[in-house]
Every structure is written in C-alpha cells, then in structure tokens.
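Peer 1: Residue strings, one per chain:
There are 2 protein chains.
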Amino acid sequence: MVNEQNNDFVVTPWEVHGKIDYNRLMEKFGTSPITEDLLERIRRHAGDLHFMLRRGIFFTHRDMDWILDEFEKGNKFHLYTGRGPSDHTHLGHLVPWVFTKWLQDKFDAKLIFQLTDDEKFLFKEELELSDTYSYALDNALDVIALGFDPNKTEIYIDTDNAKTFYKLALPIAKKITFSTVKASFGFDNSMNIGSIFYTSIQAVPAILESVKQGKNIPCLIPHAIDQDPHFRVARDVLPKLGFYKPGNIQCQFIPGLSGPESKMSASDPTETIFVTDTPKSVKNKIIKYAFSGGQATIKEHRELGGNPDIDVSFQWLKLLFEPDDQKLKKIEEDYRTGDLLTGDLKNILIEKANEFLIHHRKEREKAKDKLDRFLVKD
Amino acid sequence: MVNEQNNDFVVTPWEVHGKIDYNRLMEKFGTSPITEDLLERIRRHAGDLHFMLRRGIFFTHRDMDWILDEFEKGNKFHLYTGRGPSDHTHLGHLVPWVFTKWLQDKFDAKLIFQLTDDEKFLFKEELELSDTYSYALDNALDVIALGFDPNKTEIYIDTDNAKTFYKLALPIAKKITFSTVKASFGFDNSMNIGSIFYTSIQAVPAILESVKQGKNIPCLIPHAIDQDPHFRVARDVLPKLGFYKPGNIQCQFIPGLSGPESKMSASDPTETIFVTDTPKSVKNKIIKYAFSGGQATIKEHRELGGNPDIDVSFQWLKLLFEPDDQKLKKIEEDYRTGDLLTGDLKNILIEKANEFLIHHRKEREKAKDKLDRFLVKD
Chain D
1 MVNEQNNDFV VTPWEVHGKI DYNRLMEKFG TSPITEDLLE RIRRHAGDLH FMLRRGIFFT
61 HRDMDWILDE FEKGNKFHLY TGRGPSDHTH LGHLVPWVFT KWLQDKFDAK LIFQLTDDEK
121 FLFKEELELS DTYSYALDNA LDVIALGFDP NKTEIYIDTD NAKTFYKLAL PIAKKITFST
181 VKASFGFDNS MNIGSIFYTS IQAVPAILES VKQGKNIPCL IPHAIDQDPH FRVARDVLPK
241 LGFYKPGNIQ CQFIPGLSGP ESKMSASDPT ETIFVTDTPK SVKNKIIKYA FSGGQATIKE
301 HRELGGNPDI DVSFQWLKLL FEPDDQKLKK IEEDYRTGDL LTGDLKNILI EKANEFLIHH
361 RKEREKAKDK LDRFLVKD
Chain U
1001 MVNEQNNDFV VTPWEVHGKI DYNRLMEKFG TSPITEDLLE RIRRHAGDLH FMLRRGIFFT
1061 HRDMDWILDE FEKGNKFHLY TGRGPSDHTH LGHLVPWVFT KWLQDKFDAK LIFQLTDDEK
1121 FLFKEELELS DTYSYALDNA LDVIALGFDP NKTEIYIDTD NAKTFYKLAL PIAKKITFST
1181 VKASFGFDNS MNIGSIFYTS IQAVPAILES VKQGKNIPCL IPHAIDQDPH FRVARDVLPK
1241 LGFYKPGNIQ CQFIPGLSGP ESKMSASDPT ETIFVTDTPK SVKNKIIKYA FSGGQATIKE
1301 HRELGGNPDI DVSFQWLKLL FEPDDQKLKK IEEDYRTGDL LTGDLKNILI EKANEFLIHH
1361 RKEREKAKDK LDRFLVKD
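For the protein sequence lines, the chains are D and U, in the order given. As numbered in the working numbering, the first sequence has no gaps in its residue numbers, which increase by one up to the final residue, 378. As numbered in the working numbering, the second sequence has no gaps in its residue numbers, which increase by one up to the final residue, 1378.
Any given hint could turn out to be false.
Only pairs whose alpha carbons sit at most 35 Å apart, straight line, appear in this in silico DSBU-like list of lysine-lysine [what the hints assert, rightly or not]:
#1 D:K245 / U:K1215
#2 U:K1182 / D:K240
#3 D:K152 / U:K1377
#4 D:K124 / U:K1368
#5 U:K1215 / D:K212
#6 U:K1370 / U:K1215
#7 D:K124 / U:K1163
#8 U:K1124 / D:K377
#9 U:K1377 / D:K110
#10 U:K1377 / U:K1245
#11 D:K368 / U:K1163
#12 U:K1377 / D:K245
#13 D:K175 / U:K1028
#14 U:K1245 / D:K175
#15 D:K245 / D:K215
#16 D:K163 / U:K1175
#17 D:K377 / U:K1245
#18 U:K1366 / D:K163
#19 U:K1124 / D:K182
#20 U:K1377 / D:K215
#21 U:K1124 / D:K212
#22 D:K215 / U:K1368
#23 U:K1028 / D:K240
#24 D:K377 / U:K1106
#25 D:K163 / U:K1288
#26 U:K1240 / U:K1175
#27 D:K152 / U:K1163
#28 D:K175 / U:K1175
#29 U:K1215 / U:K1299
#30 D:K377 / U:K1370
#31 U:K1182 / D:K182
#32 U:K1152 / D:K163
#33 U:K1163 / D:K110
#34 D:K76 / U:K1362
#35 U:K1240 / D:K175
#36 D:K245 / D:K280
#37 U:K1124 / D:K215
#38 U:K1124 / D:K163
#39 D:K175 / U:K1163
#40 D:K368 / U:K1299
The hints are simulated quantities; they were obtained by calculation from the structure and are not laboratory data.
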C-alpha cells in the first residue's frame, strides 16, 4: 500500500499530507537512499554536484547506479519528467525542473517533458479539459523559461499527442490489472475508468525514445516522490514488453507557506506562490503567511534564536533560492543564534524569490515565441 | 447483470453461447420489441421494408420511435456501426452491415464506421496491435465492398484516430466508474486497465458528428445484440454531457455452422465462413459442417420432412442470402414436407453464398483503391 492511511502521513500522486517521514517512505516505496558513493560517481561525471544533491533535496533513487553503469559504457540515458497542468506553475514545481535542467546540461541528455492535461481533467472533478489544456500551454512556458536546450527537449501534451501516446499506452495497459492499480494507488470501485487507465499514459515517455530509435535507451526520471507509484508500476511492466526499467531520482516536497508539514499546492493559493505572482503579491504572501521558526517576541528571539528546520522562508532558500552553501550556512547560523529576525529572513527570501521570478517571467515572455520549437505535434 | 451465468445462455460483447432466448434478452437488457406499428412507420419513410426487418432478424430497439419523430421534424439521424478486427470478416458480420447500407440508402444517412483495433488487442491475449491493425485495414475493404456511399461514409480506426477518439473519450470516461463497468460487462479486478477504459472509446462515434457540427445530431446504431452493454452505458452517460442518447436497432446472431445454438465466430474456423474463403472451401465447409435439420435417412426425410428452424443452411438463407420471401417460403415448405433433401438445401446455399461472395470479392478488390476516400486520418 502506498498511502499510509493508518499513519500520520499520506503520499499518493494525488494527495500528500501529514509530517512526512522520508526514511519510512523510502522503505515503503522500496527506493534506495542516495549514498556518498553514488554522489561521488555523479560528481565525477558532472564535474560538480547540484545543491539539491549536496543538500539531500534529491534524496532517493531507483537504479541510478545502473543508469551510470550504462552511461560509463557509452549508453547514454534520456531524461523524462512532467507536470499535471491543473493551474499556473508554482514554486514547488520548479524544484525538480531546475534539477532536470542541470542533468541535461551535465550529461548532455535529451529530455522528454510530459504535460498530462488528461490526468488533471480525470482526477479533478471541477476542471474541464479546456482548462487543463490551457494550463498545459501556460506551464510549457515555464519549462522553456528555465533554459532547456531546444535541440534536446521535446514537450508533449497528452491530448495533442494522443495518437502516439494512446497507441503506446495500449500494450502497457494490457499488462496492468485493476488489482494492481487498486493496490498501487489505493483506488476503489468508485474511481472513473479514465483515471484507472491513466497510469499507462504516464508510462509512455519512458519508452518513447526507445520506440523512436528502435533500440533500448535508458531513461532517468527526476521527480517528486509522490509520483513514485506510477513508476513502480511502469518498472514492473516495461521489461515484460522488452524495455529497460526506467531509473528514478526523487526529491522531497517543497512545503506550502503555512508550515513544513504542508505541501505547496495550487488548490490553496494562501499556501502557494505562483511564478505569475507579482513582486508585491510575493512580498505580501511571504510576510503574511510564511510559517516562522522564530520566537514570539523580538526579545525572546534575540535570546533563544529561531529554528530554521521548521521555518518556511529558510526552507525555500535551501530548496530553491540560495544555491550558495556558504551564504545559506551564514543565514542558518544567524537565524539559530537570533541575530537574524524572522522579518529579516523573510526579506532575504522576498528579494531572492522576486529576483528569480522577475528573471523567470522575462524568459517566460520570450518562451511564447519558442513554444512551437518545443511542442511535439503528432 | 448482462451475462446470464446462472442460466442457459451467456451474452456479453466478448462471449456468446447457449440457446439464446431473445425475449428474455430483451427483458434483461431493457430493449423494446420492434412492433408492427414501428415497422409501418419505417416502411412509410423507406418505401419498403428490408427483409431483415420483415423476418424479425432485426428484432429489438431503443428509441427507434424517437429517431423517427426527429426524422419527421427534419432532424436527420446519422448511423454508427463498427467491427472489432480480430480476423477476416465472416458472414456473421455482414448481417448488420447489409442492413446499415439499406438504412443509409433509404434515409440518406451519414455513416460512421468504427474499427476497434484497440479493443481486440486489449481483449484477446494472443493478438498484437499490429495484427488487429492489419485486420482493421482488411475489414475496411469488406465494408467498402458492400457499396456504402463514399460521400456519406467515414471509416475510423481507433489507433489511427486516437487524437480525436482519446480526447472525446475522456469526458465520457470521467462519468463511468469501475462499479458501472463491473456490473455492465461482468468485469472483475483481474481485467486489464485498457479493457476497463475501452467502453468510453466505443461511445465516441455516437457523439462525433454532434461535436463536429456543434449541435446535437441523433445517432442510430444498428448492431448485433451482444454489443448492447456498451451502448447501455453510453446512453446513461452521454446526456450528462449534453448529448442525445443514441438509438439502437439490434439483430440476432448468425449461427455458426455447427448448429443454431452456436454463434459464428472467427476463433473457430470450422464454425465460420470467411468472405475470403474460396468457392471450393465454402462448398466443403457447408457440406461437411453445416448442421442439418433433416432426418437420418433419405427415406425418413421424404416421410417426416426436415426442420428448417434448426437447419443452419436454411437459417443462412433466411438471414442473408435469400432476400426474396416467396423463394424462401418455397424452400422452407419443400424442406418441411421432405421434398427438399438436406443435400439439396446445402446446394442452394452453396450457390447463393458463392454468388454473393464472388461478387463481394470483386468489389473488395476495387475497394483497395477507394480506401483513402473512406478512411479518416486525424
């Protein structure tokens, strides 16, 4: 079972809440920790280590060692990641994408990016297909804005590419029973038949490059850990069809504004900063909602210090906005000692986030003219 | 429940066996008998009645009266039928198609013909998608050979048209739960997730014309009664999406060679005459396998007469090969009295069937050049 209904946290591709114990999650999902040895191997090939690896934000994997074995034999992998377009892109989505961009650059890897407008329509009662399709086009701009190489990146929207995707999903679907999706996703008989079928569509990008090239190409999927059940099923099925199991490298969630136990989610705008939020809105949200690890009064804070481990502003700097370890360490120490007040910390985040987002939106504007280069049409 | 597991016959879209009680089937499926009044209405518009209506081969319907109400108001219906391409076309398939052609001619109706290569792949363990796709192209020739109007007929192959079909199937699938398909088709948890999703794809042609024209167009589906569960589900769901319920007009099965309780099925070639069988093969199969309603010896037969009701050769003449009621009646009477021996009856069928099939194959050859006019490409 994937969702820990009887415990204090729940993680499925459609629901995440509670205080997540990432060690227990690894155990339950059957993924492996990213060891020092593995980090060393990655560093050897990449030249350095991305801060998300150094800081354990990407913390677990499946077959990353095998992916590197193949890479060392000259059998290069391609990357696959994606997004369920239910709203504008928010900061939580950027974490795996920023890391994926780094992998593309360092390993000269082709990326297949899947926008699952079908999924979000099927799983969200209130959304129409026209909504999720619009968000797919909107979200594609954010992917492009991050600077992926247009010569090595293909963006697919499921409904636009259904001719390719449905056909390739069929042999996968034929090997997956309702019992399997029931166990893997916690589905019951009230699920709609589109949502039951859907996981086979999400498996397609893992074989697309192999199908196109007519030979097996290793596939590495960087993603947030909640998507694991999909790829667990895919890893079971794809070898039966003659394909490699895809490898995975998985990250933690970015917390919502309200606290370290929340997950940033578009369904609650007070939890979330969207890439489209104005600088003023970013500032207001952080000041008003960002959960603080500080003390109740300035006096107490100066005396006792703050707790960066539960402070959302600090966590966001760590997860996304302060790539420099020295600077981050200084902020952390100053906050712990009480030299840095919550307000100061929030101001650092506001500045960093807005700097990032202002640049992002500029690139996002430019991306509108590049859309056709990235989007694959069946 | 659709399949009458506890009774003496089973009818689902994937399994038909036992002695079928068509009255009980109507009751179970909730369809209406085709009354004299309804026949009279059809005759009024068509000018005559097709022998399959006169003889009760098409024996039941849903909303055929409403279809005619709308027709009389000037709201013309389109036709939709199809085929699961698991093998070459056999005689059993021709019955609804021949009738559909008549409806097209008499009511000047557009026809959407669906070739469900995805379905046959998903439901037949031993078939690959390349097999069912080849059969789809092969079967399309038989449809075209029957003389459908190229200006009023569109043939769709599900995987070729997945861009249209998958997208339109999604809103339908969103409204159908696993509980519904479980009850409607007798599925259990061991069914593959493609087969669970599939019924939403079979519903698409019922709305395709309405979607294209941007207004509701009545749809009439002539089909063998075993497909009823699909359309029962579709009739439930489509109004929730703002479409009309499709109407149905449904026929009996054509029996296999071995007897009136069998159904012609490609999976048993000794039961089946394919349109591609040579005249010699047709002759041999009928002589060797066609179940006889005659007596054990010629002497007995001359004295007691034969029983055309259980004689497969007579049934095939009635169902497909002898449209002339007078001639059929003479054959029936002569067989009952014993004037006509089983061998004579078989010879009549052999001649009629081969005459039909030789013509069919000529048209089938010509159809190869017409394929592009009929096949819709997404």
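Peer 1: Next pair to validate is K1124 (chain U) with K163 (chain D); report whether the Cα-Cα distance is within 35 Å.
Peer 2: It holds: about 22 Å lies between the C-alpha atoms, which stays within 35 Å.
Peer 1: Are the Cα positions of K1240 (chain U) and K1175 (chain U) separated by 35 Å at most?
Peer 2: holds, 8 Å
Peer 1: Would the pair K377 (chain D) and K1245 (chain U) pass a check requiring their Cα atoms to be no farther apart than 35 Å?
Peer 2: holds, 33 Å
Peer 1: Take a quick look at whether K1182 (chain U) and K240 (chain D) sit within 35 Å of each other, Cα to Cα.
Peer 2: holds, 27 Å
Peer 1: Is the straight-line distance between the alpha-carbon of K175 (chain D) and that of K1163 (chain U) 35 Å or less?
Peer 2: holds, 23 Å
Peer 1: Can the restraint linking K1377 (chain U) and K215 (chain D) be considered satisfied, given a maximum Cα separation of 35 Å?
Peer 2: OK: K1377 (chain U) and K215 (chain D) at ~28 Å, within 35 Å.
Peer 1: Just to be careful, I want the Cα atoms of K1182 (chain U) and K182 (chain D) compared with a cutoff of 35 Å; is the pair within it?
Peer 2: Within the cut-off at roughly 14 Å; holds.
Peer 1: For the pair supplied as a hint, K152 (chain D) and K1163 (chain U), confirm whether the alpha-carbon distance does not exceed 35 Å.
Peer 2: Between K152 (chain D) and K1163 (chain U) the Cα gap is close to 25 Å, so the pair holds against 35 Å.
Peer 1: Within 35 Å, alpha carbon to alpha carbon, are K163 (chain D) and K1175 (chain U)?
Peer 2: With a Cα-Cα distance of about 23 Å, the restraint between K163 (chain D) and K1175 (chain U) holds, given a limit of 35 Å.
Peer 1: Does K212 (chain D) sit within 35 Å of K1124 (chain U), going by the straight-line distance between their CA atoms?
Peer 2: With a Cα-Cα distance of about 26 Å, the restraint between K1124 (chain U) and K212 (chain D) holds, given a limit of 35 Å.
Peer 1: Under the criterion that the straight-line Cα-Cα distance not exceed 35 Å, is the pair K1124 (chain U), K182 (chain D) satisfied?
Peer 2: holds, 23 Å
Peer 1: When you check the alpha-carbon spacing of K163 (chain D) and K1288 (chain U), does it fall within 35 Å?
Peer 2: Violated - the C-alpha atoms of K1288 (chain U) and K163 (chain D) are around 46 Å apart, more than 35 Å.
Against the hints set out earlier in the document, violations occur for numbers 1, 4, 5, 23, 24, 25, 29, 34, 36 and 40.
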